[in-house]
Amino acid sequence: RGVQQLGHLEQVRTMIIAPESPVEGSTQNILEQVINDLQGMENIENDLESAIEAALQEVGSGPQRPPPASKEVVAKLPIIDITVEVLVKIGKGTECAVCREHLIIGDKMQELPCKHLFHPDCLKPWLDEHNSCPICRHELETDDHEYESRKEREKEAEEERKGAANAIRGGEYMYV
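Using the UniProt record's numbering, you'd call the opening residue of the sequence shown number 1 and step up by one each time.
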């Protein structure tokens, strides 16, 4: 867009400062200044675009989302056989949150630590890409040691913040 504007202004300048123009000098100076200013703005725009692209590449190179759940953890998730007793306990209208099919007697369901149930064939593709329950986002362990370390550091920092927030003068703590 800026380049088109510059081309248009160049045409206007040429028409205004044509040799037959009686006010050539002052008009030419004004237009040259306007064009120089616009070219300077185009340079700033280009620099800004470059900075934005570099920032986006830097952000894009980092982890976009948590890694998938640990294969070992997924393999150890319990399989629950849906019986009359289980249906009574969880409710007759309960469905797999992934495929939305109602659970029926005889279904085999995989149970996450948060106690949500899913068909194993529905849950596996989800956990191959995510490390959390599709319903409540309870996180499972991952195979990414860097991610797990960062998560642990964040948890410790949060506990420190809570402790500092509960501190009372004199070194005593108020437990909430």
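Mixed in with the good hints, there may be bad ones.
Here are the simulated DSS-like cross-link-like pairs (lysine-lysine), alpha carbons at most 27 Å apart as the crow flies [stated by the list, open to error]:
#1 Lys108 <-> Lys155
#2 Lys76 <-> Lys162
#3 Lys108 <-> Lys92
#4 Lys115 <-> Lys76
#5 Lys71 <-> Lys162
#6 Lys151 <-> Lys108
#7 Lys92 <-> Lys71
#8 Lys151 <-> Lys124
#9 Lys155 <-> Lys92
For the record, the hints were derived by calculation from the structure and aren't laboratory data.
If you're wondering where the values come from, they're calculated on a predicted model, not measured in any experiment.
Hint by hint, here is what the structure shows:
Between Lys108 and Lys155 the alpha-carbon distance is near 35 Å, which puts this suggested pair outside the 27 Å criterion. Distance hint between Lys76 and Lys162 is unfulfilled; the C-alpha atoms sit about 34 Å from each other, more than 27 Å. For the suggested pair Lys108 and Lys92, the alpha carbons sit about 15 Å apart, so the restraint of at most 27 Å is met. Simply put, Lys115 and Lys76 have alpha-carbon atoms about 14 Å apart, close enough for the 27 Å limit, and the pair holds.
Simply put, Lys71 and Lys162 have alpha-carbon atoms about 33 Å apart, too far for the 27 Å limit, and the pair is violated. For the hint linking Lys151 to Lys108, the alpha-carbon distance of about 32 Å lies beyond 27 Å, and the restraint is violated. A C-alpha spacing of about 31 Å is found between Lys92 and Lys71, which places the hinted pair above 27 Å, so the restraint is violated. Distance restraint check for Lys151 and Lys124: the Cα-Cα separation of roughly 23 Å lies within the 27 Å cut-off, and the hinted pair is therefore satisfied.
At roughly 38 Å between alpha-carbon atoms, Lys155 and Lys92 are farther apart than 27 Å, so this suggested pair is violated.
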